[in-house]
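Undergrad: Assemble chain G onto chain V, guided by the hints.
Chains V and G are the protein sequences, given in the same order. Here the first sequence is numbered in our numbering, starting from 1 and rising by one per residue. Here the second sequence is numbered in our numbering, starting from 1 and rising by one per residue.
Hints are computed from structural coordinates only; laboratory data are not their basis. Be careful, since some hints might not be right.
Computed list of lysine to any residue pairs in SDA-like fashion (alpha-carbon distance at most 20 angstroms, straight line) [to be verified]:
{"no.": "1", "chain 1": "V", "residue 1": "Lys164", "chain 2": "G", "residue 2": "Lys348"}
{"no.": "2", "chain 1": "V", "residue 1": "Lys107", "chain 2": "G", "residue 2": "Pro362"}
{"no.": "3", "chain 1": "V", "residue 1": "Lys110", "chain 2": "G", "residue 2": "Thr363"}
{"no.": "4", "chain 1": "V", "residue 1": "Lys430", "chain 2": "V", "residue 2": "Val419"}
{"no.": "5", "chain 1": "V", "residue 1": "Lys110", "chain 2": "G", "residue 2": "Lys359"}
{"no.": "6", "chain 1": "V", "residue 1": "Lys110", "chain 2": "V", "residue 2": "Asn21"}
{"no.": "7", "chain 1": "G", "residue 1": "Lys397", "chain 2": "V", "residue 2": "Phe207"}
{"no.": "8", "chain 1": "V", "residue 1": "Lys107", "chain 2": "G", "residue 2": "Asn360"}
{"no.": "9", "chain 1": "G", "residue 1": "Lys359", "chain 2": "V", "residue 2": "Leu408"}
{"no.": "10", "chain 1": "G", "residue 1": "Lys397", "chain 2": "V", "residue 2": "Thr187"}
{"no.": "11", "chain 1": "G", "residue 1": "Lys397", "chain 2": "V", "residue 2": "Ala71"}
{"no.": "12", "chain 1": "V", "residue 1": "Lys164", "chain 2": "G", "residue 2": "Leu283"}
{"no.": "13", "chain 1": "V", "residue 1": "Lys164", "chain 2": "G", "residue 2": "Ile412"}
{"no.": "14", "chain 1": "G", "residue 1": "Lys359", "chain 2": "V", "residue 2": "Glu111"}
{"no.": "15", "chain 1": "V", "residue 1": "Lys164", "chain 2": "G", "residue 2": "Asn409"}
{"no.": "16", "chain 1": "V", "residue 1": "Lys110", "chain 2": "G", "residue 2": "Arg287"}
{"no.": "17", "chain 1": "G", "residue 1": "Lys359", "chain 2": "V", "residue 2": "Asp106"}
{"no.": "18", "chain 1": "V", "residue 1": "Lys24", "chain 2": "V", "residue 2": "Leu452"}
{"no.": "19", "chain 1": "V", "residue 1": "Lys164", "chain 2": "G", "residue 2": "Lys359"}
{"no.": "20", "chain 1": "G", "residue 1": "Lys359", "chain 2": "V", "residue 2": "Met105"}
{"no.": "21", "chain 1": "V", "residue 1": "Lys110", "chain 2": "G", "residue 2": "Trp366"}
{"no.": "22", "chain 1": "V", "residue 1": "Lys110", "chain 2": "G", "residue 2": "Thr99"}
{"no.": "23", "chain 1": "G", "residue 1": "Lys348", "chain 2": "G", "residue 2": "Thr99"}
{"no.": "24", "chain 1": "V", "residue 1": "Lys107", "chain 2": "G", "residue 2": "Thr363"}
{"no.": "25", "chain 1": "V", "residue 1": "Lys164", "chain 2": "G", "residue 2": "Arg287"}
One-sided excerpt, in silico: chain G residues whose CB lies under 10 angstroms from chain V [to be verified]:
{"no.": "26", "residue": "Gly62"}
{"no.": "27", "residue": "Gly63"}
{"no.": "28", "residue": "Leu199"}
{"no.": "29", "residue": "Phe202"}
{"no.": "30", "residue": "Gln316"}
{"no.": "31", "residue": "Ser319"}
{"no.": "32", "residue": "Ser320"}
{"no.": "33", "residue": "Tyr358"}
{"no.": "34", "residue": "Pro362"}
{"no.": "35", "residue": "Val378"}
{"no.": "36", "residue": "Pro380"}
{"no.": "37", "residue": "Phe458"}
{"no.": "38", "residue": "Thr460"}
{"no.": "39", "residue": "Asp464"}
{"no.": "40", "residue": "Asn467"}
Even for Gly, the Cβ is constructed at its ideal location relative to N, Cα and C.
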Amino acid sequence: MNLSLLILLPLLTAMAILFSNGLKQIRVIGLLGSIAQLSLAGWLLKLYLNERAVGNTATYLFESNYPWFSALHINYHIGIDGISLVMILLTSLIVVAGILVSWTMDKLSKEYFFLLVLLSMGAYGFFISLDLFTLFFFLEVAVIPKFLLIGIWGSGNKQNSAMKLALMLMAGSALVFVGLMGIYYNTHTFDIVQITQIGISAGVQQFFFPFAFIGFGIFAALFPFHTWVPDGHASAPTAASMFLAGISMKLGGYGCLRIASLMPDAAHHYAWIIILLATIAIIYGAFATMMQTDLKYINAYSSISHCGFVILGIGMMNKTSINGAVIQMVSHGLMTALFFAAIGMIYSRTHTRMIAQLGGLLKAMPFISTVFVIAGLCSLGLPGFSGFVAEMTVFMGSWQNPNGVYRLATIISGASIVVTAVYILRATGKTIMGPISNEHALLGDATWNEKLAAVLLIAGIVIIGIAPFLLNALIGPGTDNIMLQVGKAITLK
Amino acid sequence: MILMMINNFFILLRQELVITAIIFILLFIKLGKDKSNESLLHIINVLLFVNLLIGFLPMMEGGLFNSMFATNKLIVLEKNILNFAFWIISLQSYAWLKTHKHVIEFYILLLSSLLGMFFLLSSDHLLIFYVGLEMSTIPLAAAANFDLTKRQSSEAALKLIISSAFSSSLLLLGVSFLYGTTGTLILSDIGSHLSYNPLQIFAFILFISGFAFKISAVPFHLWTADVYEGAPIAVTAFLSVLSKSAVLFAFISILYKAFASLSSMWYLVLIVLSMATILIGNLFALRQENMKRFLAFSSIAQVGFILIGISGSSHQGSSSLIYFILIYVFSNLAAFGVLSLVSALTGKESIQDFKGFYKNNPTLSWVLTIALFSLAGVPPTAGFFGKLFLLMAGAAKGNYWIIAIAALNMVISFYYYLRVVKAIFMDENDQPIEKLSIPIYPKIAIFICIAGIILTGFLTVVYDYINSLSISL
Chain V
1 MNLSLLILLP
11 LLTAMAILFS
21 NGLKQIRVIG
31 LLGSIAQLSL
41 AGWLLKLYLN
51 ERAVGNTATY
61 LFESNYPWFS
71 ALHINYHIGI
81 DGISLVMILL
91 TSLIVVAGIL
101 VSWTMDKLSK
111 EYFFLLVLLS
121 MGAYGFFISL
131 DLFTLFFFLE
141 VAVIPKFLLI
151 GIWGSGNKQN
161 SAMKLALMLM
171 AGSALVFVGL
181 MGIYYNTHTF
191 DIVQITQIGI
201 SAGVQQFFFP
211 FAFIGFGIFA
221 ALFPFHTWVP
231 DGHASAPTAA
241 SMFLAGISMK
251 LGGYGCLRIA
261 SLMPDAAHHY
271 AWIIILLATI
281 AIIYGAFATM
291 MQTDLKYINA
301 YSSISHCGFV
311 ILGIGMMNKT
321 SINGAVIQMV
331 SHGLMTALFF
341 AAIGMIYSRT
351 HTRMIAQLGG
361 LLKAMPFIST
371 VFVIAGLCSL
381 GLPGFSGFVA
391 EMTVFMGSWQ
401 NPNGVYRLAT
411 IISGASIVVT
421 AVYILRATGK
431 TIMGPISNEH
441 ALLGDATWNE
451 KLAAVLLIAG
461 IVIIGIAPFL
471 LNALIGPGTD
481 NIMLQVGKAI
491 TLK
Chain G
1 MILMMINNFF
11 ILLRQELVIT
21 AIIFILLFIK
31 LGKDKSNESL
41 LHIINVLLFV
51 NLLIGFLPMM
61 EGGLFNSMFA
71 TNKLIVLEKN
81 ILNFAFWIIS
91 LQSYAWLKTH
101 KHVIEFYILL
111 LSSLLGMFFL
121 LSSDHLLIFY
131 VGLEMSTIPL
141 AAAANFDLTK
151 RQSSEAALKL
161 IISSAFSSSL
171 LLLGVSFLYG
181 TTGTLILSDI
191 GSHLSYNPLQ
201 IFAFILFISG
211 FAFKISAVPF
221 HLWTADVYEG
231 APIAVTAFLS
241 VLSKSAVLFA
251 FISILYKAFA
261 SLSSMWYLVL
271 IVLSMATILI
281 GNLFALRQEN
291 MKRFLAFSSI
301 AQVGFILIGI
311 SGSSHQGSSS
321 LIYFILIYVF
331 SNLAAFGVLS
341 LVSALTGKES
351 IQDFKGFYKN
361 NPTLSWVLTI
371 ALFSLAGVPP
381 TAGFFGKLFL
391 LMAGAAKGNY
401 WIIAIAALNM
411 VISFYYYLRV
421 VKAIFMDEND
431 QPIEKLSIPI
441 YPKIAIFICI
451 AGIILTGFLT
461 VVYDYINSLS
471 ISL
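Next up, chain V with everything else stripped away, as it sits in the complex (with noise of 0.2 angstroms):
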């Protein structure tokens, strides 16, 4: 299969939605248009899984090669392994979930899912990338939707929130750039395979690496380069905070990943920074969020504690730790699109999000409350929900470090779970059960769209609770290459 059709879908239903009148038309083109994603993403799934039941054991699938730049050896390279392919498929699932909570956005409806098609392109680009300056392309392409989704629908302080993370987004891409740079003029190329097969000497990759890591790093919320994501997700219009969360967060997490892989040596010099830093994020975010009363500002600063289990498991660099990671985003993503979802549906029917202005919702919008409850049970980590077995497998990996420091900074991560617990219960606590105020027991439940976007995230984190071996298996050759590399830099020395 050609992977460029998943560029090419969103291209055109973008250009589709530009040419269509009327909220009615744009969102039947955007729906559509974004269920041709899903199936797309699923058929990729099927034949990737083909592939490899039949024995094909390349480091990377469906691989096409084209020059874009020869003169400057760039080239558009794409191709996938499980680890961008589940990445893909989060997308996919995103994207259609996104497009349902927004059926009735009717200011500017044109602009706003012209907007949100474009966003998820750059993401579909950045995952299939095999060539960094592609990959940074797409990183970019991606950040001027946001700015302008925030900036024109949001809500609050909009206009500065999307100016805070226009910029900071950029300053990030600013310092991936110049580790690209250190990259290309040591190696000559920009082909991540290529760079893979020559290698990059030890001093350079120290030197490099820093500039890199936090460039993505900025992206994945890693802490002190965390600030913008309150402010962003919690400004965002629903449907924009979910792909922040979801897709958004992911390009940093996946770009450290890929960083890491390919300088194992400076990952492994700079661990101790890597862990020192994800941990503070994980207390600390979790700490931040017991003191929101606003329910978008709740899961905003929960999604850096979670980001930091992301981070944790990339700086322990083994491969149960890395599968952690892998896992963590795909959970973190859809549970954050779920949750981002139902405060959504309150806040639209409530016109508030304060906790305090809540409450007892459950007798008025029972399938919401339900929706709610359960994003909140799996940002805490219940068994049976993908939360659960994402932190699980990150803690199983870091522990295996011998390493004293490294066993004191998982303990403390872990005990994180406890104040995740409480903030959680205490928040859906407050808001669903309890007394409803009279002006809120007249409001009506979901409706058909938000219930099918909610089921589709319900449904995700579900199966990857149950049955994390599926995803696993999947994302298995990816993390084993990565650790081949890794390897490979440890015996060096």
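TA: Coordinates of chain G only, in the frame set by chain V:
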């Protein structure tokens, strides 16, 4: 023999002759009966289009007048870029010129300036070089004064003429020192006579200061903002796109041809200049309220990026420079196109006036936004490729810290471009600019610019072609 010489003369000087012919045609029209502005503008725009097409006819390489004048594929490409930019500016200023009293004079001034640029680009001798340079700047001082009723406009003209006279005198002093120490004025010969002789280094410094004035690199930038603000938008666009591009083209070819042997020195000079230019340009652009001043400072910052590209690897540097300038022409002219429409139809030029612009003018808003994103270097616009290739060329020498500073400066510049985008899309305004009816010519111009911004990055032929022509040290 004589026949061949005449033949050569017409073929090699083709583009210059066509422009001269157009100037004469305009003079004859002026002598004849008064025509309405509209029919005049139709004629002129068609003539300019023909002029543009003639540039693409098959050409010859060679020299004239004892090789004082030389032309080759690269130079023709550069001239075509300038021709193209001029045609676009002419299309865009339709709305403004339609009611202006002195259309023909306006075109004659700008065309003479363009002619000067052509000689500048083709010069292989410092005399022709100097004549070309002066010919390209002096008419602009008159053109800058073309908003006849505005005091600011004549202030702009005075500032332009004084600063350009000053910079020319610096350059001329440099030229005379060069002549004194090398004994030749032929550019391709100077290089072999250069060493790190103090007088030659002094000459070089004078030379580079003269250039820095013309491209408004910091600390020689102070005239830029005032002149840009006071001049009519068409002239501002001409100054910021054509003048700058022409001088940069000439700059790189002189650096590579004449000063190649001093390269280890000018490399450092360029780094210092570029850092100062980017930083100061950015910091001043942050606080501008007038759109023209804003674009003036943003174009100063852009020049800083160009200097980084030149300072790095030679071949890649020169191809990325030409590539960037092509893209800069598209993006800057798209922005100026919207500004000139808004200014001609409503008289508004401040960023505040653009608040809520999206409400009544969605298409123009998107055009301006895409143009600004391209200037900021955001994909998928072509500006992204242009800027990154410059930085890549700069990184070739291994100055990663310089590249890091430049890349972070891109973030600063991102802020002020986004500020305008924010005003357009997000800010509330009780009285946003009303729906503008756009005449057909500006429409064509804007459409071409936007197509260029979106497509140039993906049509790799463009870069490959430029790269195949570029010169190296």
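Undergrad: Each hint needs a verdict: does it hold in this structure or not?
TA: The hints, checked one at a time:
{"no.": "1", "hint": "Lys164/V <-> Lys348/G", "in the structure": "violated, 29 angstroms"}
{"no.": "2", "hint": "Lys107/V <-> Pro362/G", "in the structure": "holds, 14 angstroms"}
{"no.": "3", "hint": "Lys110/V <-> Thr363/G", "in the structure": "holds, 13 angstroms"}
{"no.": "4", "hint": "Lys430/V <-> Val419/V", "in the structure": "holds, 17 angstroms"}
{"no.": "5", "hint": "Lys110/V <-> Lys359/G", "in the structure": "holds, 14 angstroms"}
{"no.": "6", "hint": "Lys110/V <-> Asn21/V", "in the structure": "holds, 8 angstroms"}
{"no.": "7", "hint": "Lys397/G <-> Phe207/V", "in the structure": "holds, 16 angstroms"}
{"no.": "8", "hint": "Lys107/V <-> Asn360/G", "in the structure": "holds, 15 angstroms"}
{"no.": "9", "hint": "Lys359/G <-> Leu408/V", "in the structure": "violated, 57 angstroms"}
{"no.": "10", "hint": "Lys397/G <-> Thr187/V", "in the structure": "holds, 14 angstroms"}
{"no.": "11", "hint": "Lys397/G <-> Ala71/V", "in the structure": "holds, 17 angstroms"}
{"no.": "12", "hint": "Lys164/V <-> Leu283/G", "in the structure": "holds, 18 angstroms"}
{"no.": "13", "hint": "Lys164/V <-> Ile412/G", "in the structure": "holds, 12 angstroms"}
{"no.": "14", "hint": "Lys359/G <-> Glu111/V", "in the structure": "holds, 13 angstroms"}
{"no.": "15", "hint": "Lys164/V <-> Asn409/G", "in the structure": "holds, 16 angstroms"}
{"no.": "16", "hint": "Lys110/V <-> Arg287/G", "in the structure": "violated, 33 angstroms"}
{"no.": "17", "hint": "Lys359/G <-> Asp106/V", "in the structure": "holds, 15 angstroms"}
{"no.": "18", "hint": "Lys24/V <-> Leu452/V", "in the structure": "holds, 18 angstroms"}
{"no.": "19", "hint": "Lys164/V <-> Lys359/G", "in the structure": "violated, 24 angstroms"}
{"no.": "20", "hint": "Lys359/G <-> Met105/V", "in the structure": "holds, 17 angstroms"}
{"no.": "21", "hint": "Lys110/V <-> Trp366/G", "in the structure": "holds, 13 angstroms"}
{"no.": "22", "hint": "Lys110/V <-> Thr99/G", "in the structure": "violated, 38 angstroms"}
{"no.": "23", "hint": "Lys348/G <-> Thr99/G", "in the structure": "holds, 17 angstroms"}
{"no.": "24", "hint": "Lys107/V <-> Thr363/G", "in the structure": "holds, 17 angstroms"}
{"no.": "25", "hint": "Lys164/V <-> Arg287/G", "in the structure": "holds, 18 angstroms"}
{"no.": "26", "hint": "Gly62", "in the structure": "violated, 27 angstroms"}
{"no.": "27", "hint": "Gly63", "in the structure": "violated, 29 angstroms"}
{"no.": "28", "hint": "Leu199", "in the structure": "violated, 37 angstroms"}
{"no.": "29", "hint": "Phe202", "in the structure": "violated, 34 angstroms"}
{"no.": "30", "hint": "Gln316", "in the structure": "holds, 7 angstroms"}
{"no.": "31", "hint": "Ser319", "in the structure": "holds, 8 angstroms"}
{"no.": "32", "hint": "Ser320", "in the structure": "holds, 9 angstroms"}
{"no.": "33", "hint": "Tyr358", "in the structure": "holds, 9 angstroms"}
{"no.": "34", "hint": "Pro362", "in the structure": "holds, 9 angstroms"}
{"no.": "35", "hint": "Val378", "in the structure": "holds, 6 angstroms"}
{"no.": "36", "hint": "Pro380", "in the structure": "holds, 6 angstroms"}
{"no.": "37", "hint": "Phe458", "in the structure": "holds, 9 angstroms"}
{"no.": "38", "hint": "Thr460", "in the structure": "holds, 6 angstroms"}
{"no.": "39", "hint": "Asp464", "in the structure": "holds, 6 angstroms"}
{"no.": "40", "hint": "Asn467", "in the structure": "holds, 5 angstroms"}
When each numbered hint is compared with the structure, violations occur for hints 1, 9, 16, 19, 22, 26, 27, 28 and 29.
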